[in-house]
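*Asks:* Assemble chain B onto chain A, guided by the hints.
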Amino acid sequence: MPIRVAVAVAGLVLATASIIAHHSFAAEFDGNKPVVLTGAVTKVEWRNPHIWVYLDVKDAGGKVTPWQCEGSAPNNLTRQGWSRETLKQGQEITVEGWRAKDGTNTCNAGAWKLPGGQTVFAGPRQ
Amino acid sequence: MRALLPAIIAAAIVTHAGIVSAQGAGPAPVSAAPDGTPIPRAPDGKADLSGIWNKRLVLNTAASVQPLPFTPEGLKAFNDVWNHIDPTSRCVFPGVPRVNTSPYPFQIVQLSDKVVFLYEYMHNFRVIYTDGRGHPTGREPSLLGDSVGRWDGDTLVIDTINLTDRTWLDDHGNRHSDALTVTERWRRISANQLSYQETVNDPKFYLKPWTVGWVMPLAPKDWVLMEYACTDNNKDLTDGHLQPGPLDGSLRNGTAIGQPAPPRLPPGSAPR
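Chains as they are written, first to last, in this note's numbering: chain A, 12 to 137; chain B, 289 to 560.
Pulled out of the complex, with its shape left as it was, chain A reads as follows (with noise of 0.2 Å):
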């Protein structure tokens, strides 16, 4: 049973994937890649069409890989009462998503999520 659930919340996510990347996420990402990767806040560009946010993730044995990841666009996140203040310079920051179809270190994020559970960057900010 748990691995049906599992399936059917990853055909959700991956239904909600392919909508919100209206722009390039099936030209460039591969759904059936999915990724997960916490990591330290580097950078975030908050510019049309996408945003992006860089991240230093430190595997286990202590190795840090630079990672960037695609977000929604800048003006639907403004909308909702988000901002590139929202995520700041060092922050721990997990990102659930699916990896870049030419294999580098890209990832089109679907979900952001602070170190206490709150998700960012979806819906109307509370």
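The set of hints was computed from the structure by calculation and includes no laboratory data.
Do not take every clue at face value.
To be verified - Below, in silico cross-link-like pairs of lysine-lysine (BS3-like), each with a Cα-Cα straight-line distance of 30 Å or less:
{"hint": "1", "chain 1": "B", "residue 1": "K523", "chain 2": "A", "residue 2": "K74"}
{"hint": "2", "chain 1": "A", "residue 1": "K99", "chain 2": "B", "residue 2": "K523"}
{"hint": "3", "chain 1": "A", "residue 1": "K54", "chain 2": "A", "residue 2": "K74"}
What the hints assert, rightly or not - Partial list, computed: chain A residues near chain B (C-beta under 10 Å):
{"hint": "4", "residue": "P60"}
{"hint": "5", "residue": "A84"}
{"hint": "6", "residue": "T89"}
Don't be surprised by glycine CBs; every beta carbon is placed ideally from N, CA and C.
*Replies:* Only chain B this time, still in chain A's reference frame:
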């Protein structure tokens, strides 16, 4: 666990809905029935379309008119779409009619002799004269074409000609040729609802014209148009990651193949 399943799925759907609404393109269907609020009137008595409207991002504009009446050339173009990169991914203007179904709101400014459309997406604008003039002559075809308008009662009717074949109809990769002409019908059915219809007339790609439409909601009162510069930080484009196929991903592996239109009956024969 069994009891948890519906809750988990519900939570996923709520998350899904929240993210989708964040697009600001109003993908949730808006009721086609007028909500009863009074239609604003311009000083000349015409229905006033002015306002900021929240477009619907319609991925497959032809979904309600399947199967499409393809010509052989149109069918070939549709099935070949996954060999091409969507023009808007390269920041080519969406063109007419796709400019009306691309993301982000747009503003209508209605004047006595013209109606101005200001689109946030790619900063497109259209000045639609309603003073009785005809289409200009001697112009090169363009992405937005040549548009003129007229009033049919409370409905603004826009005819657009002189388009190129360098744009697509939508994210699904529905295609058109350079023979495309488009008729739009815009009607404010309440203070909060704008009815939209587009007729695609492209005899090279479709055996007969087809018409689709839906209702767009008025944007929240505090919304204004914002900057949208497609090339500002378009890493998908500049980093060379773009790949061919429709943006909605439906034909990425080429397995979704359009079907030929049913054969036309000879003129004068009775439909069976």
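*Asks:* Does each hint hold? Answer for all of them.
*Replies:* Hints, verified against the model:
1. B:K523 with A:K74: holds (26 Å)
2. A:K99 with B:K523: Between A:K99 and B:K523 the Cα gap is close to 22 Å, so the pair holds against 30 Å.
3. A:K54 with A:K74: holds (19 Å)
4. P60: Hint on A:P60: holds, closest Cβ of chain B at ~6 Å, below 10 Å.
5. A84: holds (7 Å)
6. T89: Since chain B brings a Cβ to about 7 Å from A:T89, closer than 10 Å, the hint holds.
No hint from the list above goes unmet by this structure.
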